[in-house]
Each structure stands twice: as C-alpha cells, then as structure tokens.
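Colleague: According to our numbering, the sequence shown is numbered sequentially starting from 1137.
Bear in mind the hints are in silico, worked out from the structure with no lab data behind them.
Please note: incorrect hints may appear among the correct ones.
Stated by the list, open to error - Keeping only pairs whose Cα atoms sit at most 20 Å apart, straight-line, the calculated DMTMM-like set for lysine to aspartate or glutamate is: (1) 1142 <-> 1359; (2) 1142 <-> 1200; (3) 1142 <-> 1195.
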Amino acid sequence: MLMNTKGTALVTGASSGLGAEFARALAARGHDLALVARSAPALQALAADLRRDHGVRAEVIVQDLSAPDAATRVAEQSADLGLTVDLLVNNAGFGTAGHFDRIAAEREHDELMVNVVSLVGLTHAFLPGMLSRRTGGVINVGSTAGFNVAPYFATYAASKTFVLNFSLALWSELRGSGVKVLAVTPGPVETAFFDRIGTRKAAIGATPATPVSVVADALRAYDRDRGYVVPGRGNFAMAHLMPRRPRKLVALLGRRVTRQVADELTPSAAR
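Given the sequences, and given the hints that come with them, work out the whole structure.
Modeller: See the structure below:
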C-alpha cells in the first residue's frame, strides 16, 4: 500500500551517483518519485527498491537529456503518468576534460544540452505549476568548478557557472512566492564521474565526498531556503577565496593546477 506522501519529486540522472541518492533520500522523506535517465534497467531496479523500502510511488521516465526536445518529452510523460511535480531535482550532467581543441565538438554540444538546456527547459516546464500552487521547489546540481575559471575543463566549468547564476537569479526572483530554488555546488564526489572521464586526477588532489553527505547537506540547505550551498568547509573556502583575485590571474593559476589532467588524458568525456 502506498503511503501518503509529500508530493512528487522528479530527479534527473537518477540511475546512479548523486541522482540515485537524491531519490533514496527524498523517498525516505515521503516523496513519490519520477526517475529520469537513459538507463531503463537501472531506473527500474531503483524504482523497485524505493517502492519496497519506503512505500512510495516510483515511476520511470527513460530519456536522453541531450535530445533537443528532451524537456518537452519528460513533461509530457509526467503528465501521461498523472504526476504533479512538486520538487524538480536537475541533477543530470556530465563533464569533458582535456585540451579544448581536441575534444569532439559533438560531445561539447551534448554536454551543454544536458547541463544547461535541459535544466532550463525542465524548469520552464514545471515551475509555473509550482507557482500557481504557491509551493514546491527546484534543486539544481552545479559544481565548485562553477565559481572559477577552469582551463582544460572549459566547457564543463562554464556550464556550472551558468547553473549557479541561473539558480541564484531565480531564488531572488521567487522570494515570497512559496517556491524555493537551490544550487548545490559540490567539489569532487565519489561517483562514476572520474572513472568515466578517464583519470582520478580530475579531482585535483581533493578527497571526494560521498553522495550521502552531499545530498544531506543539499536537503538541509533546501529546507532553510539558502539559495546555494557548497558542501564541505574546504570546498566552501576555495569557492569563495579564488574569485576575489583578478580573473586573469585565476585563469593562469588554474592552468597550473589542471594541466595535469590534460596531460594524462587522451581527449575524453565523462557521462
């Protein structure tokens, strides 16, 4: 029997990593779930676990978010399932690393479609309903990379800068509306990201956090309507100290740190 819930949360990139952990944590809070990713078997397995462990409704929406009409398709499938999305977690994303001129343009295009275009499209799709109900929220997963210039992660870092600024702008616009917006900007997290990107050096010497700790920090910040959160004290310090320096100097200093990644990689992408 399904329990009475706190509404439906739609989580993108829910097949693994932070997305799967967001789904588990929200189900434990009593939310029904709509799970979005490309991998049907992984989503079906997670949905079955959530139904069994938490007694919530868990639906699967299989969608590649790099497709031009991805947000429209997700919104239509949600409507077909009779779901009213009360919390949107835009977690899906991937990174490219290496010398920009050697990374396939098609991969960079897909990266921006997933990290930026689908995030904005899904927010456009579900935010009006939340505003009309005067309740709900959007959680956008960014990165500490979004605070800084990141040579050899040029497109990835720029996409995460967009996520941070977009989220904070909406947070400001929607004050008093009953709808919350949060940007979550973690440093390295222990997910498949580094295996897929091709080198653990992409963590730039930092010890990756666990998905459990990042999601716990994110949901605490969301409850408090903080606008953005940088999980981890070390990450918080780095995120806020570096941008205070001249931007060209930051770019030059960043090159010294991130060059080790480019030197190790045959141009590759993580997803």
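Colleague: All hints are to be evaluated individually against the structure, with a verdict given for each.
Modeller: Here is what the structure says about each hint:
no.: 1; hint: 1142 <-> 1359; in the structure: 13 Å, holds
no.: 2; hint: 1142 <-> 1200; in the structure: 27 Å, violated
no.: 3; hint: 1142 <-> 1195; in the structure: 16 Å, holds
Violated hints amount to a single one, hint 2; each of the other numbered hints is respected by the structure.
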